[in-house]
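**Student:** Quick mapping for you: the protein sequence lines, in order, are chains C and W.
Under the working numbering, the first residue of the first sequence is numbered 1, with each subsequent residue one higher.
Under the working numbering, the first residue of the second sequence is numbered 1, with each subsequent residue one higher.
If you are wondering where the hints come from, they were derived from the structure by calculation, not from laboratory data.
If you're wondering where the values come from, they're calculated on a predicted model, not measured in any experiment.
Cβ atoms here follow ideal geometry from the backbone N, Cα and C, with glycine treated the same way.
Worth double-checking, as some hints may not be accurate.
Footprint (simulated), chain W over chain C, 3 or more residues, beta carbon under 8 angstroms [unchecked claim]:
(1) 94 to 108
(2) 113 to 125
(3) 219 to 230
Only part of the chain C face toward chain W is listed, based on derived beta-carbon distances under 10 angstroms [unchecked claim]:
(4) D89
(5) I91
(6) M130
(7) D145
(8) D148
(9) R149
(10) Q150
(11) L154
(12) Q170
(13) D171
(14) D178
(15) A187
(16) V216
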Amino acid sequence: MAAQDGRVTYPAVASVSDAPLTVRGVTVSYGEKPAVFSVDASFPAKAMSAIIGPNGAGKSTLLKASLGVIPRLSGEVHVFGQPIEQARDRIAYVPQRASVDWDFPTTVVDVVQMGLYRKIGLLRRLSGQMKAWALECLDRVGMADFADRQIGQLSGGQQQRVFLARALAQDADLYLLDEPFAGVDAATERAIIDVLELLKAGGKALVSVHHDLSTVREYFDHVFLINVRRIAEGPVETAFTTENLQATYGGRLAATHLDELSLARGV
Amino acid sequence: MQPFLNALLLQAGYNATLVAVGAALLGFAAGSSGAFLFLRKRALVSDAVAHATLPGVGIAFILMVSLGGEGRSLIGLLLGSAVTAWIGLLLIEWITRRTRLAEDAAIGAVLGVFFGVGIVLLTIIQSMSAGRQAGLEGFLLGSTAGMLFQDAVVIAVGGSLAVLATWLMRRPMTLVAFDSEYAAAMGYDVRRIDLLMMGLVMAVTVIGLKLVGLILIVAMLIIPAVTARFWTERSNRVIWIAGAVGGASGYLGAAFSASAPALPTGPIIVLVAAGIFVLSLLFAPVRGVLAAVIRHRRFQARVHRRQGLLSLAAQHPIREAYTLRLLRRDGLVRADGVPTQTGRAQAAKIARDERRWDVAREVHQDVGLTGRYDGLTPIEDVFTADEIADFDRRLGPPAAVGGA
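Next comes chain W alone, as it looks inside the complex (with noise of 0.2 angstroms):
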C-alpha cells in the first residue's frame, strides 16, 4: 500500500513523477479527443491509425541512422510515425469513398498492411549493428523505463494542442457526428472536418506511442467517452468527463504500476480506465444497467398495482401471485384477498378515472391529448380540474364498488 500511496503523492522518485503527470496529460488529451471518434461512431479508424504508425517509426529510425544519426531521436521517430499514420488515414479516406468497399474493410485492410510492414522494418533494423539497442520494440505495447523530461514535454504540448483544437473545432465536430446531412447543407466540409478530427487522434496517438504504445492507444481514446456517455445526455460534456476519466486513468495506472516493479504501465492505465467504465455501466444514475433494472421494476409495479385495482373494481378475482402480493403490501387487499376500505376507494376511483377517459375521448376535440391515455397516466395531469369537473357532469353520480 506504502509504494502505491508514495507512487500517488509523486514520492516515488523523479521517473515515477514524470511518468505519472505525463500518463495524466496524454489521458486527459486522448479521452477528450477520443469523444468526437465515438460520437462518429468511428472508433475502429483510430486503430488503423495507430497501427499504421509502426512503419514510420522505422523508416523514420533507418533514415537517421544512413543519415550518420543515433537514430533514437523521440521528435525524429514520432513524426516519421505521424506520416505514414497520416499516409494510413488517407488511404481508409480513399478506398471508402472510391470503392464499394465499406469502411470496416478499408480499417482491417490498411491495418494488416501497415503493421506487418512496420513488424518487417523492426525485425531487419534488428539485424542492424545500431539497431540492437535502439528499443523500437518499446512502441508496441509502451514503456516507461527510459521516459525522460523531454517525452514528457512532448506529451505536454502536443496533448495541450490537440485539447485546444478539439474544444475549438466542438460546434463543426458536433454537428458532423450528429447530423451531416444538415452540416453539408449548412456549408461545412463534412470531409475535411472527419479528416482533421482523425487528424487530432492521430496526433495523440502519435505522443502516446512511447508510454501507451500503438496496440493499447485505441483503448485510451474510446474507453474514456464511452464511459462519459453513462453520465451525461450532452456532447459538450462528453469531451470533458472523457477528458477526466482519460487523465483519472491515466495517473492511477501509472501510480500502481509504480508501485510493483512488475507491473506495465500501458496496460494497466488501460485496465483501470476498463474499471471506471464497468463502474459507470452498472452504477451511472440514468443509463447504468442497475437504474434501468430498478426502473423496469418500478414501471412493471405500477402496471400491476392498477391492473390489480381494476380488477378489483369490476369485481374479478386476482389470479397472478405478483399483483396479490403488491397489493397487500401497499394495504389495499387483506390476507384473504378481500379488498380493504383504501383498495376499495381506490379501486373505485380508478373505475371513475376510465370512465372519464371514455367521456373525454368523446367530448375532447384534441387528439393529442386523448392521445396520451396509455393506462398508467393521471388523468389529473392530462385535463385541468374543470374538465374533469365537466366529464363528471356528463357522467352522474359515481357508483360505489365491491358492495360496500
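So here's chain C without its partners, still in its complex pose (with noise of 0.2 angstroms):
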C-alpha cells in the first residue's frame, strides 16, 4: 500500500469522490512531531460519523486542519467534491467550548446570528427574516428563552448548544463538530443528539470528534480510527471492532473496556 514517495495510500479514497469531506494525505506538525501524519479519510453522506482516538491522537488537529483553522504541512481537502476553498458556505463548524472567551460582550441571539455573517456580508442589515430564523435555530436546541443572556451565564451544556444553534443558523450540509458532548449534562447530550439525527434524517452529514466509546454504536454510522495515523474506517458495524480498538488504543485502553464494549454489542 506504500506508494512510490513513501506515502501509505489507500485505494478506497484514492480518487476525489462526491463525498462530503474526503481528506488526502493530510499531515500536521506542531514543531518537528507529526500530530497527524499523511491521514487519508472519507466522510459518507446522509450519515453521522465518529472520528476516534485516544487523548493527543490528532483527532481535533485532523478536523481543523482540515478546515484550515490551523496550517497544514501537507494534503488535500474536498468537500462534495470541490475543493474546500469553494464548498465553504456549504460547511459548518462547532468548535470545542473552550476556544473562546465566554465573558465576551455578546448575548446568545448575537452568537447565533454570527452564522449568518458569511451570508450577508459587510454592507447588508440583518432582515426580519433572518432575525426570525436565528431564533428558530436557538428554539430547536431548546435555548429561545436566552436569547438575550450575555453568553457568560449560560452553564457548560448551554454554551455549546448556543454553538450548535450558531451552526444550525448557517444551514450547511456538512456539520464538523469537535467533542460537542464533552463536558456537558445528559440533559444537553440528549438534545444535542436529537437534532443531530434530525440533521441526519433531512440529508446532512455530520463528521463529530467523539471521546465516549460508550455511546458510538449508539450515536454513529460510520467510524474513523485515528491514532496519528489512520487505523481504519468504515460502518460501525465493520470497523468499530475490538482489534481495531486495541491497534487504536494499544496499551492504553483496558481489557475490561474492551470486554464491556463487546458486551453492549452483545457477542
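Assembling the complex is the task here: the two chains are given apart, and the hints tell you how they should meet.
**Tutor:** Next up, the structure:
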C-alpha cells in the first residue's frame, strides 16, 4: 500500500469522490513532531461519523486542519467533490467550548447570528426574516428563552447548544463538530443528539470528534479510528471492532473496557 | 471657571476651538477603532506600534531636508511615521508566527528598539542646522500650541475614514475577536483581518501624534473601550460607547487645558478619560463594583434568611447574629428570638417546599427540572401549580411548626 513517494495511500479513497468530506495525505505538525501523519479519510453522506482515538491522537487536529483553522503541512481536502475553499458555505463548524472567551460582550442571539455573517456580507442589515431564523435555530436546541442573556451566564451545556444553534443558522450540508458532548450534562447530550439525528434525517452529513466509546454504537453510523495515522474506517458494524480499537488505543485501553464494549454489542 | 466655560462653548479663541474640535474627533476615532483592539486582547500591540512611529518621523524629516525642503510638512512626517509603524507591526506579527517567542516578548523588543532608534534620530536632528526649530519632540507628548487648520483637517478626514472602516469591518472583526477558529473555518482570513484591525489603529495613532503624542495615544485607544465594557454586554455597542467616551474626553480635556495655560492637552485628555473610567468602574449599573457589592449583599441576605427559616422550622436555635438580625428586621422573630406568627408561617412553607422537592426528585423524570434545586429558587418557579398539587397529594396534610 505504500506509494512510490513513501506515503501510505488507500485505494478506496484515492480518487476524489462526491463524498461530503474527503481528506487526502493530510499531515499536521507542531514543531518537528507530526500530530497527524499522512491521513486519508472519506466521510459518507447522510450519516453521522465519529473520529475516534486516544488523547493526543490528532482527532481535533485532523478536523481543524481539514478546515484550514490550523495550517496543513501537506494534503488536500475536498468537500462534496470541490476543493474546500470553494465549498465554505456548505460547511458548518462547532468548535470546542473552551476555544472562546465567555466574558466577551455578546448575547446568545448575537452568537447565533454570527452564523449568518458570511451570507449577509459587510454592508447589509440583518433582515427580519434572518432574525426570525436565528431565533428558530435557538428554539431547535431549546435555548429560545435565553436569547438575550450574555453568553457567560450560561452553563457549559447551554453554551454548547448555542454553538450548535450558530451552526444550524448556517444551514449547511456538512456539519463538523469538535467533541460536542465534552463536559455537558445528560439533558444537553440528549438535546444535541436529537438535533443531530434530525439533521441526518434531513440528508445532511455529520462528522464529530468523539471520545466516549460507550455511546459510539448508539449515536454513529460510521467511524474513523486515528492515532496520528489512520488505523481503520468504515461502518460501525465492521470497523468498530475489538481488534481495531486495540490497534488504536494500544495498551491505553484496558481489556475490561473492550469486554464492556463487546458486551454492549451483544457478542 | 469662566475660562473653562468659554473653552467649553468654543469661545476661547481660534486655536483653542481648533484643538477642542480636533481632540473630540480624534477621541471618537480612537475610542471606536480601539474597541476591537481591546476585544481581541491586543491592547499592548498598539503601544509598540505607537512607539514605532518615532523613527519614521525622524527619517521623514531628514529626507525632506536633504531634498531641500523645510522638513516640517505634517503630511510628510505622518507618512514617514506610518511607514515605520507598519514595519514594526509586521515585525511583531512575524516574530510571533515564526519563532517560539510569545507576543508580549515581540512587543517589548519592537517597542524598545524602534523607540531607541527614534530618539537617536531626534538627537541627530537637533544637531542639524535646520533641525533646531523643528519641534519634533512635540510628537512624544503632543503639543497644541501651533495647531493649524490643516492639522484639524488631517484628524477629521483620517478619523472619519478610520471610523467608517471600523463600522464596515465590524462583523468580521467581531467574529475574529470572539472566536477566531470559527472565523477561520468559515473561510475568513484571520491574519488579514488582524492586520487590518491593527492598520486602523496605526492610522489613528499617526493622526493623533501631533495632538496627544505617541506615548499617551495607547490610553486613548484602550481606556474608552474598557470604560464602554462596563455599560453594555454587546460588542457593537462597545464600539459606539467607546467612541462617545473618547470624543467626550477629547473635548473636555481640550477645554480644561485651554482654560489654564500651564496644563498640557494630551495628558489632560487622558486624565479625563481615566476619570470617566473610574466612575464607570464604580457606578455602572450591572458590571460596576458598587452594583456587584450590592448584589452580593442581597444574595447573602437571601441565603441567611432561608437558613434562618429552616432552622425555625426544625426548631434549632439560630446562633449567627447576622441571621437573627435579618429575621428580626423582617418581623419573623421577636427580640428574644422566639418566632412570630408570620415567622412560623413562612418557616412552615419553606419546610414544606423542601419536602416537595424531595418528592419531586423521586417522581419527576426530567433531571433538568429537579436539577434546578439550589436551596433558594422557589419551587413555584420550577414546577407548575398542578405539579405542586400532585406533590402535596403524595405528601399528605401539612404539619404545623414550632408548637403552635
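**Student:** Each hint needs a verdict: does it hold in this structure or not?
**Tutor:** So, going through the hints one by one against the coordinates:
1. 94 to 108: holds (count 8)
2. 113 to 125: holds (count 6)
3. 219 to 230: This one is violated; 0 residues, fewer than the three required, reach chain W with a Cβ under 8 angstroms.
4. D89: At 8 angstroms from the nearest chain W Cβ, D89/C passes the 10 angstroms test, so the hint holds.
5. I91: Cβ of I91/C sits 7 angstroms from chain W, so the hint holds.
6. M130: Violated, because the Cβ-Cβ distance from M130/C to chain W comes to roughly 13 angstroms (cut-off 10 angstroms).
7. D145: 13 angstroms, violated
8. D148: 9 angstroms, holds
9. R149: Check passed: Cβ of R149/C comes within 9 angstroms of chain W, closer than 10 angstroms.
10. Q150: 4 angstroms, holds
11. L154: This hint is violated: L154/C lies away from chain W, its Cβ roughly 13 angstroms from the closest one there, beyond 10 angstroms.
12. Q170: 8 angstroms, holds
13. D171: With Cβ-Cβ at 13 angstroms, over 10 angstroms, it is violated.
14. D178: Holds, because the Cβ-Cβ distance from D178/C to chain W comes to roughly 9 angstroms (cut-off 10 angstroms).
15. A187: 4 angstroms, holds
16. V216: At about 23 angstroms, which exceeds the 10 angstroms cut-off, the nearest Cβ of chain W leaves the hint on V216/C violated.
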